[in-house]
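Colleague: Sequence:
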Amino acid sequence: MTEHDDRSVGTPEKPDSAVVRDALGVGIAVGLSGFAFGVTSAGSGLTVLQTCALSLLVFTGASQFALVGALAGGGNPFTAAAGAFFLGVRNAFYGLRLSQLLALPRAVRPFAAHWVIDETTAVSLAQPTRRAARIGFTVTGLSLYVLWNLTTLLGALGAEAIGDTDAWGLDAAGPAVFLALLAPMLRTTTERAVAAIAVVLGLGLLPVLPAGVPVLVAALAAPAVLYVEGRRAAAKEDAKEAASPGDTRNASRGDIQNDTQREDR
Numbered sequence: 001m002t003e004h005d006d007r008s009v010g011t012p013e014k015p016d017s018a019v020v021r022d023a024l025g026v027g028i029a030v031g032l033s034g035f036a037f038g039v040t041s042a043g044s045g046l047t048v049l050q051t052c053a054l055s056l057l058v059f060t061g062a063s064q065f066a067l068v069g070a071l072a073g074g075g076n077p078f079t080a081a082a083g084a085f086f087l088g089v090r091n092a093f094y095g096l097r098l099s100q101l102l103a104l105p106r107a108v109r110p111f112a113a114h115w116v117i118d119e120t121t122a123v124s125l126a127q128p129t130r131r132a133a134r135i136g137f138t139v140t141g142l143s144l145y146v147l148w149n150l151t152t153l154l155g156a157l158g159a160e161a162i163g164d165t166d167a168w169g170l171d172a173a174g175p176a177v178f179l180a181l182l183a184p185m186l187r188t189t190t191e192r193a194v195a196a197i198a199v200v201l202g203l204g205l206l207p208v209l210p211a212g213v214p215v216l217v218a219a220l221a222a223p224a225v226l227y228v229e230g231r232r233a234a235a236k237e238d239a240k241e242a243a244s245p246g247d248t249r250n251a252s253r254g255d256i257q258n259d260t261q262r263e264d265r
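Take the sequence shown: its position 140, counted from the start at 1, is 140 in this note's numbering, and no numbers get skipped.
These are calculated hints, taken from the structure and not from any lab test.
None of the values given here were measured: they were computed from a predicted structure.
All C-beta atoms in this analysis are idealised placements derived from N, C-alpha and C, irrespective of residue type, glycine included.
Heads up, a few of these hints could be off.
The following label-pair restraints were derived from C-beta to C-beta distances [stated by the list, open to error]:
1) Leu157 x Ala222: 40 to 50 Å
2) Ala224 x Arg21: 36 to 46 Å
3) Ala113 x Ala222: 21 to 31 Å
4) Thr190 x Asp238: 47 to 57 Å
5) Glu229 x Ser99: 23 to 33 Å
6) Pro77 x Glu241: 56 to 66 Å
Hey, can you work out the whole structure from these sequences and the hints?
Modeller: And the structure:
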């Protein structure tokens, strides 16, 4: 496919301005969560420099929150880092899909990989064409990266003035926006089943498993549902094949009887 090919034949174009508007909306809304991370990180004992380094170099909010949350709870630094790592593994799977969708030049891919997160993936996949997906990925990644790091710095510097982040609810902005983006994409029964099972697994295992592990377990919802769908399809095929020989035998008997009647006449 060329750079300007659509993702599917006959897909309507989406104005660039609309893509930019949607991407900026996500970038700004989620970028404000950097305040909560800066405050939480500073409250857990990390310095301003360490807090800003996490946002600049890690740049995946869920993993960052998991790391500083575990440290704030008195967890071992290695355990906290492992939990954050497992939570960030999902970005590798996002990258596999986006590499095909965006088809960026090789020289750009290492830099673009740093922006492969929940929000950029959701915005890119929601676009009808490759051009729109590239614009959505770039605008979302750039606006979110700049604002996230800026608000992280402000949050770390003004931790005492901001106070309790739970009272502000900023830590829920990112997940809320991400879920709002995903909801319209669940069009089929299979997709809704995967989402429902993933939510049950993730929330149910959250209190008993280390940070990041429930997300990985929730990912098993997809292959589980696909396995069940495959078994159902196979059962239907077996039922059809089992019925076919009988129909063939009946048809053959009818042909023989017709031939016999013709010969008698």
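Colleague: Hint by hint, work out which the structure violates, then give me just those numbers in ascending order.
Modeller: As far as the earlier hints go, only 4 is violated by this structure.
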